[in-house]
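Could you slot chain B onto chain V? The hints should help.
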Amino acid sequence: MSDEQDAFLTSLLKYHSAPVDDNFVSDILTRISAKESQRTKLLAVAMLIAFVLSMPLLITTVSAINLASEPFWYVTALLFAMLAITTWISSEHF
Amino acid sequence: MINDNELIARIVCHQDKHAFATLIKKYQVPIRQFLRRLTAGQHAEADDIAQETFIRIYQKIATYSGKASFSTWAHKIAYHCFLRSQQKAYHRHEQLDVDFSLIESTKYDIDKDIMVEQLMQALDIEQRTCLTLSLSAGMSHQEIATITEFPLGTVKSHINRGKQRLMKVVKP
Chain V
1 MSDEQDAFLT SLLKYHSAPV DDNFVSDILT RISAKESQRT KLLAVAMLIA
51 FVLSMPLLIT TVSAINLASE PFWYVTALLF AMLAITTWIS SEHF
Chain B
1001 MINDNELIAR IVCHQDKHAF ATLIKKYQVP IRQFLRRLTA GQHAEADDIA
1051 QETFIRIYQK IATYSGKASF STWAHKIAYH CFLRSQQKAY HRHEQLDVDF
1101 SLIESTKYDI DKDIMVEQLM QALDIEQRTC LTLSLSAGMS HQEIATITEF
1151 PLGTVKSHIN RGKQRLMKVV KP
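As you go down the protein sequences, you meet chains V and B in turn.
Note that the working numbering gives residue 8 to position 8 of the first sequence, counting from 1, and the numbers run on in steps of one.
Just add 1000 to wherever you are in the second sequence, counting from 1, and you've got the working numbering.
None of these hints come from the bench; they were simulated from the model.
The structure presented is a predicted model; accordingly, all values stated were derived computationally and were not measured.
A few of these clues could be false.
Unchecked claim - Some but not every residue of chain V turned toward chain B, in silico, with C-beta under 7 angstroms:
1) Leu13
2) Ala18
3) Pro19
What the hints assert, rightly or not - Mimicking SDA-like on lysine to any residue, the simulated pairs with C-alpha atoms at most 20 angstroms apart in a straight line are:
4) Lys1025/B to Ser33/V
5) Lys1168/B to Ile1110/B
6) Lys14/V to Arg1161/B
Built from N, CA and C at the ideal position, the CB exists for glycine as well.
Excised from the complex, chain V in its bound form:
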């Protein structure tokens, strides 16, 4: 292809005008907020279901084990494990 044809095509194919739309940015932000809100609601429902399902297990565990008599490190490890799981579930990458 000759230089003249190359120059012709470069001039032809360049962007000649810019699309203008006042609502473009706000529409995107609205959609992102809607997705985040939906995700938060789903997370809340999932945690509620998990809590409800775990209630019988929790009651059995509490009545079977007296945490006050357990070693301090046992209770601390259990709390850290619960915190880690909660953090993982609530992270963006979950």
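Same frame as chain V, now just chain B:
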């Protein structure tokens, strides 16, 4: 003027929507122009894909490594959003029925863009993409290879074939 890296840091660390809005305002024009060429003038479809692109950019912004420029990274996401849209919908292209020799004499820039977008129908998607990124967006062959994930030789081949096909249509 805040640079891209500072805006990205604010978005990643603080979910700063104002910073993201600034980023959209900076890149919406090239992304939308790129997608209008890819969709061969289907403006509504192009703008839908552009919105989807920016939403995905927001979701994936923490994965931006900075190896390529933000513009290259954003165009890559736009290109892949376009490909996904092509898989979902059936696309019927109209027969080219425009006298493209009139492009040079057209007075208004927006009419020139519309005619060029329709001209893109003469090319297949790979040629359209490579030619637009090269001659319209001014990207290097290496950047185009990063965006499209084609080998460098394939990018050059698509550009050359696209140019030859366009010359046949515009100046038969």
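Quick rundown of the hints versus the structure:
no. : hint                   : in the structure
1   : Leu13                  : holds (4 angstroms)
2   : Ala18                  : holds (5 angstroms)
3   : Pro19                  : holds (5 angstroms)
4   : Lys1025/B to Ser33/V   : holds (18 angstroms)
5   : Lys1168/B to Ile1110/B : violated (23 angstroms)
6   : Lys14/V to Arg1161/B   : holds (18 angstroms)
Of the numbered hints listed earlier, the single one contradicted by the structure is hint 5.
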